[in-house]
Each structure stands twice: as C-alpha cells, then as structure tokens.
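Dock chain to chain to rebuild the complex, using the hints, since each chain is given by itself in its own frame.
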Amino acid sequence: MRRIAFLAQAEILHIVRDRVLLAQVLVAPIIQLLILSNAATFEIRDTPIYVVDFDRTTASRAVVDRLGASGHFTVAGAAPSLDRADEALLAGTVTMAVVIPHDFEESLVKVGVASVELSVNGEKGSAAGIVQAYATQVLADYAQARSPTAPSPRIDVRVRGRYNPTLDYRDYMVPGILVALVTMVGTLLAAQNIAREKELGTLEQLNVTPITRGEFIVAKLLPFWVLGLLDLSLGLIVGRLVFDIPMRGSLLLLFGAAAVYLVVALAIGLWISALVETQQQAMFVTFFIVIIYLLMSGLFTPVDSMAPWAQVASQINPVRHFVTISRAVLMKGAGPAEIARPLLILAASAVVVLSVAVRQYRKRTV
Amino acid sequence: MTALIGLLRKEWFHILRDRRTLAVLLGLPAIQVVLFGYAIRTDVNDVRLGIVDPSPDHATLALRDRFAASGVFRIVATVPRLADLDALFQTGDVQQAVVFEPGFASRLAGSTPASLLVLSDATEPNTGSLLQAYALSVVEQYQRDLSPPMSSVRVQGRAWRADRPAVIVPQTRMRFNPTRESSNLFVPGLMAFVLTIISSLMTAISLTREKETGTMETLLVSPLRPWAIIVGKVAPYLVVGFASVVGVLVEARLVFGVPLRGSVLLLLGEGALYILVSLALGILVSASTSSQRVAMVVALLGTMLPNVLLSGFVFPVESMPAPLQVIANVVPGRWFVLIARGIMLKGIGLEYLWRETLILAAMAAVLLVASTRSFKERLV
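Chains as they are written, first to last, in the numbering used here: chain A, 64 to 429; chain B, -6 to 373.
These aren't lab readings, by the way, just hints derived from the structure by calculation. Computed from a predicted model, the values in this text were never measured in an experiment. Backbone N, C-alpha and C fix where the C-beta goes; we use that ideal spot for every residue, glycine too. All clues stand as given, with none of them false.
Covered stretches of chain B (in silico footprint by chain A; criterion: 3 or more residues with CB under 8 Å from a CB of chain A, positions within the stretch not fixed):
id, stretch
1, 14 to 28
2, 76 to 84
3, 100 to 107
4, 290 to 300
Just some of the chain B residues that point at chain A, by a computed CB distance under 7 Å:
id, residue
5, L112
6, T116
7, N119
8, G121
9, A126
10, P163
11, T165
12, F308
13, S312
Just chain B, with the same shape it has in the complex (with noise of 0.2 Å):
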C-alpha cells in the first residue's frame, strides 16, 4: 500500500511538474468553452445584399426599402447589370443579390407576372437556403400587401373572406433549448472531448513514456501489483479529469448559465463510466506501442478524431450516411454525449438512459479485461 502511495506521489509531481502540458489540460476546455459560447454559430443575420436594378422604379425603390427595412439585410451594393457584382460575390463582399427585370413596375400594374431572381451564395448549404427563406419572406409580405386592393377590383361579388387564401399559423416550441443556445449543445461534448485527451491521450502517453525510458522494468522489479502499477499511473490523471469536466460545468454554468436540469449526481457516475472506457482505451494503445510518438499518433487517430467527428458533438450523426452511423455506434463519445444531453438539457433519468448507459458499461466491461490481459502480456 505504502509503495502505491508513493507512485501516486511520484506520477503526481510528473503532471505537476509538467507546466506547459497542465496548462494546455486544463486552459483549453476553459477556452473552448468560451469559443462555443461566442464564436461557434450558425445564426445567419445582417446579410451583405446586392440589388441589381437595371431601371429603377417606385416599385423596386419600395421592394429595396422593405429588404433594408426587414434587419435582416443590408444594402451594401446597387449596380445596373449582375456581371458588375460578380467579383463581390467571389470575395464574398455580397451574400446575396435581388435581380429585378428593366420595367418592373410597369409589368407589376400590368397582365404579366413581373419576375424577380435572387441568387444566393449558396457556397455553405445551409446559409444558402436560410437566405433565399429570408428573401422571400419579404417578398411574400410585398405582395401580400399589394394583392388586396387588386383582388377585390378583380373578383366583384364575391364576400371578401371567402377570397382571402387561408392561412395556417405555425407555433413553435423549442423544446430543451428554447433559444438554441449552441454553448448548451456544446458544452456536453466537451465534457466527452476533455476526458478523452485526458483519459486516452495522457495514460497513453505516461505509459508509453515508462517503456520508452526503460523505468518501466524498475516498476515491474518492485514489489508493486501490476493492478498496483496501472492504478498509481492513471489515477492522478483521473483527478485532472474530473477536476478539469468540473471546471468546465461550473465555467458553462456561470458564464452562460447553461442549465443543468438532472441529477448532478448520475452526471458525474455516467462520466466516471466513460473515463473508466477511455482508460482501457489508453491503456490498450500503450500496450501495443513502445514509442511517445506512435502512441501519440495512434491515440489521436483512434480515440480523439472519432470522438470528436463521430459522436455528434459538432455534427449531427442522422446526417452521416449510414455505414458512417454504424461505426459511430462503436465509439463510446456518442453514447457518452446523448446522455449527457438527456442529462443536461432534459433534464431526464435512467428511466430514460438506460439503453445508453447499458452500452457504455458494456464497452468498460470488454475494454478492461483486454486491457488488463494485454498488460499482463507485456509484464510476462
């Protein structure tokens, strides 16, 4: 017991005595947090509009006003022909352009439907179809506003309700995440993302570093267990986990009151399950390598990318295609990262999470055995 204590103390004043490395640990979930919070967003507001008015008239001086009027858009061009806007749009100056056609308003009094094209960047999908929905939203209100003196000169006898087109309001609930605030998706993934390096990255890394110094034949001769040795190596980095995890619920908590409607209690048992999954993870990964650099490389590309790109931290996963959802379902970050959204935003309970948690303890149950039978292979 006495010669465990004194590995922990040993491994203790390696991570301490390691500034650049705890700093990185513990600075970069504080960062990121922050990150998520401000600069990580989708929301699509002040567009940077071009008009393409080849003959201005008052009905495209009202269409143009109602488009800088909406807040939504800013006017931040207004040339005769579309070919002028083409190198604003390749630097990105233009978002988006209204193309009105020469006699506009002449064409709008009369029998002809006037046309209208807005071309969008369409470059990133998502922002490309939010737009074009801005767009013609306010067009639709234009022409709302416009139709209702012509309809009623054009169908005489009619009673006027029967003649307006029926509408069909829309209220909307968003549930869990009424503003949808990314840094409240977020900040579960990180917690994931966190005691992964932690967990794989580090005990990888440590481990290997034994090998590779060859102080790890000293520890095999003294008269620590082999559990013993594993134990004293990983449990210090475990306390940097959990107090870095801690650090980034509070840091979520205060800054950007993320809410944390469940159990604080289940949340901190699910993550010291998914530690103890990414610790045999580590723990495999050293055993198979002898050198920093493979570990290194070997824990980056087998834990943390598929952590990171797979579990659905950043990227929903039913927009993979679907050999890609199958191997998600092999990576604990998934399972992992919903329930500590259910957790977090739903504020729900096993009653609720136990398929997920089921998986995960299954997956620590396989990865400790063959980590420690891998271990003891080496030992031999």
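Pulled out of the complex, with its shape left as it was, chain A reads as follows (with noise of 0.2 Å):
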C-alpha cells in the first residue's frame, strides 16, 4: 500500500511538473469545449435560397412571401431565369432553388391543385432534408391558408419535445462531448506515459524493484483516474455556467458511472502501451480507435441510423453506453434503474479489457 501510494506520488509529481501535459489536461478539453459545442450543430437557421418566378402573380409572389417570413429561409436572389438558379447552385450560394411555373395560380384556382419546383442541393447531407421539410411545411400552410371552405380539423395535434423542447444542439452535444473528453485523457495520457517510461528505458529500472505488476499499475492509473474525474466535474462546471446545460439527474450517479467508465478507458490505454513501443506508435494507435470509437457511439449521429450490423458491433463500444448514461442522467434526469444495463456492459469491460490489457503487460515485461 505504501509502495503504490509513493509511486502514485511520483506521478502526481510528474503531471504538476510538466507544463504541456497539464495544458493537455487542463485547458484543451475547455477549449474543446467551447468550440465543439458552437461548432458540432446541425441547425438550420435563414438558409439562402434562389427564386424563379415565372407566374408573378399574387399567389406566387405570397408563397415567396411566406417562405422569406418563415425565419427558415432568406431570399439570396431571384429572377425568372432557370441557367441563373442553377449557376447559384453550382457556385453554392444558395442551398435551394424554387421554381414556380408560370401557371401556377391558374391551376390552383381552377384545379385546386398546383405544383412547386424544389431544387435542394444534396450536397448538403442531412441538412438537405430538413430544408426539404421546411419549404414543404411552408407549402402545405398556404395551401391551407388558400383554403377556408375547407372543414375545420377534427383532431386538434399537439405536439412537444420532450427534454429539449426549445430544440437547442447544445444541451444535447455538450453531456456527449464530456464523455470525449474524459475518454481523450483516459485512454490518451495513460497509454502515452507508459510508453514514454518504456522508450526512456526507467521502465525497466521500475521492473527490478520489489514492486509487484499490480501495485505498479494501480499507482500509474490511479492519478489519470483521478484526473480523468477532475476533467469531468471541469467541463460539468463549464457547461453549467457557459452553455446551461440541463442536470436533471443524480450527478453523483454520474459521478459514479464516470468512475466504472474511467476504468475501461485506462485499461484501453495500458493494453495500447503494452502493444507498442514509441510515445509516436502509442499516440496513432490511440488515435486510431480513440476515433473509430466516438464515430461509433452516437456521439454525433444517432446510433438508431446506423446500418443494422453496426448497431450490433456498437455494443461492445465503452464510449456508446457512457454517452447513453450521460445524455439519460443530464437531459432525460434517469435513474440508477434506467440505466443499469449500459452501466453492467460497462462493468463488465472494465473488468474483462482490465485483465487482457494486465495479462499482455506481463507478457512483454517478462
């Protein structure tokens, strides 16, 4: 026990002394913060779009009129000109083009029924959709404005967000980018200090004293443990004050789940060190499946999109189960009940990637 707790030390030591780590510690993930949750947003607010007017008629000068309203839309430029609208397109200055052909109030006053020319820009990905969505909402409202002999609804729909009613990115990015961040300085700082140890050869002055492997990595983890928390409790503080996130939960069940999750990120990191040889091999490696792992975990795109087999591997994904318990326990206020199935999955990492990751340290120390 004392032998961990004057290595721990030492570490301690180590980590206070170097100024670069700490910054890696300290500051970057603020940092990253900040401008990840300004900047991971797919929000769709005035998105410029070209009109072609060929009717120019009350009705189709009101649709124009109701779109630009609409707060979706700003009208980036308009003329009766299809080559104009398309050149807008292929530059990129507008994300869509509407065209309205010139029989448009004829038809919808005789026929009822008329038809709007949407040109999105694909190029845009999901963003495309929902200006689809928007412009056809617009669409749908005129027509029903158009039509006051039409029966009044029978059925009167509410609808409401749940969690997130004002619909803002924030309170959903920030709880996922907290797990990022706790899983950077985890799986990063540990996997890089045992290999710095390894590449300056002190590892092996460490093997020879009578300190046993377990003691030896307890007290190497013990400290990014702590750290990895003292990270989490940081951007908890920023989020609250910065962005105001919601806490609706028990912070110390997340407290809690962060801690058995803390345990499987190390344990990532010491299995890595043990597999390579450089600082250099230890940081693309990390990188590496760092990467592939919050691709993965719903961080940025809902795991429910993704193709069924990936679903599937996404389970054995430690980063997925915490973004889950935190966005549950932050937005959603769940309880040790709602999330005790991704909290055993995690448990049961910790437990299993512990232990593979101690069995090949021994086996490259020997």
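If you want it as structure tokens, here you go:
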C-alpha cells in the first residue's frame, strides 16, 4: 500500500511539473468543449434560397413572401431564369432553388392543385432533408390558408419535444462531448505515459524494484483516474455556467458511472501501451481506436440510424454506453434503474479489458 | 544530389520500418470510409413508438393501425397512462409517444375536436423534429380520409370541387447527391483529413524527432543544403499521403460508387496545393518546438482539430455561430473541402472554384515563406 502511495505521488509530481501535460489535461478540454459545442451543430436557420418565379401573380408572390417570413429562409436571389438558379446552386451560394411554374395561380384557382419545384443542394447532406421538409411545410400552410371553406380539423394535434423543448443542439452535444474529453484524457494519457517510461528505459528500472505489477498498474492509473474525474467536473462546471445545460438527474450517479467508465478507458490505454514501443506509436494507435470509438458511439449521429450490423457492433463500444448514460442522466433525469443495462455492460467491459491488458502487459515485460 | 537521394532513402526506411504507424496511416482512412458509408447516418426509420390509450375505441384502434402500417413506426408499448412510459423514455426504448384522450371516438363524432398529443424524444433536435413531422403526416392522412363524407354533409349545396382544400405539390429534386448518401459527402472531407494527418502531423513529428535525438546537428554539418533537408524529410511522407488519398478514392468508388464527376487531374492538383499548405504548417510547428510530445499536442490542437471541426467536413459551416464562421475562413481544410466536393459531386471546374483555389494558393505562399524562414533561423 505504501509503495503504491509513493509511486502515485511520483506520478502526480510528474504531471504537475509537466506544463505541456497539464495544459493537455486542463486547458485543452475546456477549449474543445467551448469550440466543439458551438461548432457541432446541424441547426438550420436562414438558409439562402434562389427564387425563379415564372408566374408573377399574387399567389406566387405570396408563396415567396411566406418562405421569406418563415425564418428558415432568406431569399438570396430572384430572377425568372433557370440558368441563373443553376449557376447559384453550382457556385454554392444558395442551398435551394424554388421554381414556380407560369400556370401556378391559374391551376391553383381552377383545379385546386398546383406544383412547385424545389431543387435542393444534396451536397448539404442531412441539412438538405430538413430544408426540404421546412419548404414543404410552408407550401402546405399556404395551401391550407387558401382554402377557407375546408372543414375545420376534427383532431386537435399538439406536438411536444420532450427533454429538449427548445430544440437546442448544445443541450444535446455538451453531455456527449464531456464523454469524449474524459475518454481522451483516460486513454491517450495513460498510453502515452507508460510508452514514455518504456522509451526512456525507466520501465526497466521499475521492474527490478520490489513493486509488484498489480501495484505498479494501480499506481500508474490512479492519478489519471482522478484527472479524468477532475476533467469531468471541470467540463460540467463550464457546461453549466457557459451553456446552461440541463442537469435533471443525480450528479452522484453520473460520477459513479464515470468512475466505472474511466477504468475501461484507462485499461484500453494500458493495453495500447503494452502493444507499442514508442510514444509516437502510442499516440497514433490511440488516435485510431478513439476515433473509431467516437464515430460509432452515437455522439454525433444517432445509433438508431446506423446500419444494423453497426448497431450490433457498437454494443461492445464502451463510449456508446457512457454517452447513453450521460445523456440519460443529464437530459432525461434517469435514475439507477434506467441506466442499469449500459452500466452493467460497462462494468463487465472494465473487468474484461483490464484483465486482458494486465495479461498483455505481463507478457511484454517478462 | 546523391546526398539528397541518400536522405530520401533513409527517411523511406524509417517509414517502412515502423509498421504500426504505417498501418494506422493507411488503415485508418480505409476503415473510416467504411464507417462513414454504413454507420454515420442521420436518416430516421423504425421509430419505437409508445401508445397511451386510456379507453381504446374504434377510432384510436384505427389510428394505431395507421401508425403501425406507415412503415416508419413500430409500436413497442401500449399503456393506459403517460407516466407508465416515463422509464421507457429515459432508457431510450421509446422514442415517441402518441397520447389519446379518453373518449376519443365520441369526441371525434361530436362537435368539440378530439385532442391528441404527440410527444417525441427531442434530445437530438433534428431527430426530434423529423419524428414529429412523420407523426403529423400520419394523423393528417387519417383526418383527410375521414373528412370528405362529413364535409359533404356539413356544406350543402356547394360545388364539391370548391370545397376541397387546395393542394400544392412540391416536386423535389436533390441535386448533386440524389440519395443523400453520406459517403458521398464524407469522402472529400476524409481526403482533407488524411492529408492533414500525414502532411502536418507526421512532418512535425519526424522533424522534431531529429532534433530530440540530436541527429539534426549531424544533418546540418553534412553537405546537404537546408532546402534539401526539408525536401528529403517531407517528400517520403508526400508519397504516403498521396497513396493513402488515392486508396480512399478507389475504395470509395468501388465500394460505395462515390461519383467523381469533374476532372481527376484538377482534383489531384488541388490536393497537391493543399498538401503544400499542410506541410508548411507542419514545418512551422516543428520549428517552434523541440520535443515530440509538444509537437504532437501543438499539431493536434493547431491543425487536426480545426481541420476536422471547422472545415464543414462533418458539421455545416453555415450552422455555426458567426465568430466561428470567421475563424473557419482561415482553416485551409474548409476551402479544400469546398473544392473537393465541387469537383467530385458537382463536376465543376476552375470557372467556379477559382476563388477557393486562389485562397489556398495564397495560404500556401505565405506559410511556405514563413516556414522556410523559421527553419533557417533555427539553423543559424
């Protein structure tokens, strides 16, 4: 026990002394949190559109006005020329071209059915789908408003978004980004740190001391475990003060889950450090694994949208489970019973990965 | 010249010898293409729906059937009270709830409108609004099918046609990417990402390693000129970078059928221009640091993160707050992503892309001058 304390103390001194490391642990996460939560958004407002109005009637002008007044669009250009609209789409200055045919009002009055062409820049990915949905909604509203004789709706539908009624992207991203930060600190630092001892040859020195491998690993990982929890607290404070994110569940529960999750993250770092020879390799391999984990975690895009095999594969991804826990606790106010399943999977992963890592580590040093 | 060739060979051996790093450099982009193709999607389907129906009757059963038959929804729970769904919402087993009021059918037949609450999990805002739109369209369709007989009774003596609500049919064309395939969008960004890793990060690390191990001194007293040292150090990484990018392009084309509508030559040329910018950044980083660790952190925070986050690679630049949009303008990756997407998806050439190309060229010029100067200063 005393030996662990000494080694952990040495490790803490190392961390405190090393300015670069300290910056990596304390400053970088805050900057990342500030930039990421502002940059990582798929929100859509003021989409530039191009209007090609061949009809030029009260009806067509009313449609254009409605599009402009909806708050979703700004009319960036208008001319009765398809070529100009095409040009604007190609140059990327507008996201959608709205083409109103010359018989728009006439057919709307006579037949009651008229068409409008929406050319959306598919280059924008998911934004293109939402832009299209907004435009369709505006058109439907206009058609509705034009038919006062239509029967009043029999069903009064009210729509409510639960947990995020204002549809704020930051409320969604910050709890996820916190997970990414904790993962980076846990895995990258642990891998880099042990790889460095290897590279410098000081690992050999430790191996000839009476310290056991178990003690060594505990002493090495303990400071980073504490740092990870510290980073989480820092991130939560920034999230609360700067972004005013919701904290509906118990923070104690979140920290408890983080404590389990950090063991997994650190064990992965330990495993990587046992596999590599140099710091450079440690960094690249960690980078490789962490990027794949983050992309597959549902942090940026919902797990439900992934291909079926990818959804199954993501079950063994610890990041996915902690992202789920973090969002469930902070946004939905979930209690221990609701997060029991992901938490159990995390605990099981902790045991498995740690024992694999320790075994791997043993092989390398003997 | 022979000295330069010697340095090139030495550097090449370094790269080939370090199998793990090489595997990451070539393997990561290849795996990412697959991930972006299959895993990174935002379309919403197979929505887990919960039904709250305190008093089932023929109308609620009919509407429930409509939801089940729509193909988008799967009913996973039917309960009498909304509170019964709370835990399911929290675990994520239910994404949306349709809440009927008691006596739905009798109200529907009577004079007061029957009320219906659609409650969706809006944790992720875009999914939340898509879910709401899907549910609304199911209810609207049901209502439309209900109303003709009723309205013909209510409004007697009027022409049926005038009574019918007006309809505007939007004809949507998704230009450049009709199926909105995410791999089509990510491949251009992935190229920028790969080129940045290899050009900036690897160059910075390999130059600082020579410094850290003291072999830079040896190189300096050799007959090699400073420019030759830089060329010798960075040229092999260029080869690896180009190989990786061509690999990504071929894989994207063969596996996902990602289009390449414009000129390949122009794309490779713009790639070379972008590589110059990234290399210059890498040399700058290495000139201002002396340890590999610092170089890694600076290169990671200074080049990798901005190039991934602020380039429009994953998140659209238009959605960012104004200050970040301004910062994004000095990120070289932003311009390269625009160019690569333009060439690959839209098939446009320099007549549309001259502005972006000029900006990249200007960045390359400024950074190259700055980096050779900083390198020389270190040598003296």
